[in-house]
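Modelling step: build the complete structure from the supplied sequences, incorporating the hints.
Number of protein chains: 2
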Amino acid sequence: MRIGELASRAGVSVRSVRYYEEQGLLTSIRSASGQRHYTDHEVERVTFIQRLYAAGLSSRTITELLPCVDSPSEENSDAALERMAQERDRLSAHIADLIRTRDALDGLMATARAHRERMHTAMDDCPVRSGSPA
Amino acid sequence: MRIGELASRAGVSVRSVRYYEEQGLLTSIRSASGQRHYTDHEVERVTFIQRLYAAGLSSRTITELLPCVDSPSEENSDAALERMAQERDRLSAHIADLIRTRDALDGLMATARAHRERMHTAMDDCPVRSGSPA
DNA sequence: CTAGAACCTGACATTGACGTCAGAGGCAAG
DNA sequence: CTTGCCTCTGACGTCAATGTCAGGTTCTAG
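Chains as they are written, first to last, in UniProt numbering: chain V, 1 to 134; chain E, 1 to 134.
Note that these hints are calculated values from the structure, not bench results.
Be aware that a few hints might be false.
Quick partial rundown of chain E residues pointing at chain V, CB under 10 Å, derived from the structure [unchecked claim]:
(1) Phe48
(2) Leu65
(3) His94
(4) Leu98
(5) Ile99
(6) Arg116
Okay, the calculated beta carbon distance ranges per label pair [claimed, not checked]:
(7) E/Arg83 with V/Arg9: 32 to 38 Å
(8) E/Arg30 with V/Arg18: 47 to 53 Å
(9) V/Thr39 with E/Tyr19: 44 to 50 Å
(10) E/Thr27 with V/Ala110: 22 to 28 Å
(11) E/Ser92 with V/Arg60: 28 to 34 Å
(12) E/Ser92 with V/Asp40: 30 to 36 Å
(13) E/Gly34 with V/Arg83: 44 to 50 Å
(14) E/Ile99 with V/Asp40: 22 to 28 Å
(15) V/Glu5 with E/Thr39: 57 to 63 Å
(16) E/Arg51 with V/Arg18: 34 to 40 Å
(17) V/Arg18 with E/His37: 47 to 53 Å
(18) E/Gln50 with V/Asp106: 16 to 22 Å
(19) E/Arg51 with V/Arg60: 22 to 28 Å
(20) E/Asp97 with V/Arg30: 29 to 35 Å
All C-beta atoms in this analysis are idealised placements derived from N, C-alpha and C, irrespective of residue type, glycine included.
Here you go:
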């Protein structure tokens, strides 16, 4: 398939696909006229790249890890493995942080709802409201 | 306290604190000479702002939610509550996505480790390695 | 063959949360 | 008073992933 189809299948822009290639995250087979061609396999790869981006990894980091995905028996797998463990830990910490934030949001929402309840049941015990009826 | 102390206590840069004020996320009391002064309460607020930033909320979204934190009985709490629920859902989805990514990383690491095991126990069944001893 | 869609390279624009610098003023200690 | 640190405003720089535009080539349907 050509770049347009790959992009739409993976749910990214054509520009992004070219960018991934520029960053060394993706390779393409060029036709005689210079157009990029891809196989179905590349769709997975692009979505996986997107996944890693969403996880906060940079292009450089992804570049370091993808060779390990391509051929897991490479000699660099040791370093890559360490790198992956490191990113995994960072990701875990980030997830924990987000969960704490979500809990904080839940707390705020509970407070807001409680206030709203009080407004409905006893409007007059709210000093802000009771002072300005008009 | 002045801006430097607030920044260091909250673990952010002085620049960031000024930026938050510029975005309407934070207010300060100005001395006669124009210097910003804060109370201990602002430290919490800045750290909470940081938390929301880390959760992927934009300044604009935070601006919409913070009034609800300041005075939960405001009339805008209804809209804010809806907004918070919306952001909470987005956050939950993001967390789920990150967990899937972490699982994918775990899978990759397991594969890499398995390959390494095989390399250690039966070096000669790896065609790449066996072809270039020197 | 020809119109239009899809592709190419290359380069500049954008966005958001800051970094950083310049130039000027404020403030406590010696 | 002055030395040194903190603060002020304002403005430009950064970074990373993408958008977007220009000018040209290639493919495909009619």
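Going through the hints against the structure:
1. Phe48: holds, 7 Å
2. Leu65: Status holds, d = 8 Å.
3. His94: E/His94 check passes; min Cβ-Cβ to chain V is 7 Å, inside 10 Å.
4. Leu98: holds, 5 Å
5. Ile99: holds, 6 Å
6. Arg116: Cβ of E/Arg116 sits 6 Å from chain V, so the hint holds.
7. E/Arg83 with V/Arg9: 32 to 38 Å: holds, 34 Å
8. E/Arg30 with V/Arg18: 47 to 53 Å: Holds - the Cβ-Cβ distance for E/Arg30 and V/Arg18, about 50 Å, lies within 47 to 53 Å.
9. V/Thr39 with E/Tyr19: 44 to 50 Å: holds, 46 Å
10. E/Thr27 with V/Ala110: 22 to 28 Å: Given a distance of about 26 Å, which is inside 22 to 28 Å, the answer is holds.
11. E/Ser92 with V/Arg60: 28 to 34 Å: With Cβ atoms ~30 Å apart, the hint holds.
12. E/Ser92 with V/Asp40: 30 to 36 Å: Between E/Ser92 and V/Asp40, where Cβ atoms are some 31 Å apart, the hint holds.
13. E/Gly34 with V/Arg83: 44 to 50 Å: holds, 48 Å
14. E/Ile99 with V/Asp40: 22 to 28 Å: Since E/Ile99 and V/Asp40 have Cβ atoms about 26 Å apart, the given range 22 to 28 Å holds.
15. V/Glu5 with E/Thr39: 57 to 63 Å: Holds: the Cβ-Cβ distance is about 59 Å, inside 57 to 63 Å.
16. E/Arg51 with V/Arg18: 34 to 40 Å: Once the Cβ atoms are compared, 36 Å apart, the range 34 to 40 Å for V/Arg18 and E/Arg51 holds.
17. V/Arg18 with E/His37: 47 to 53 Å: holds, 51 Å
18. E/Gln50 with V/Asp106: 16 to 22 Å: holds, 18 Å
19. E/Arg51 with V/Arg60: 22 to 28 Å: holds, 27 Å
20. E/Asp97 with V/Arg30: 29 to 35 Å: holds, 33 Å
Hint violations for this structure: none, all hints satisfied.
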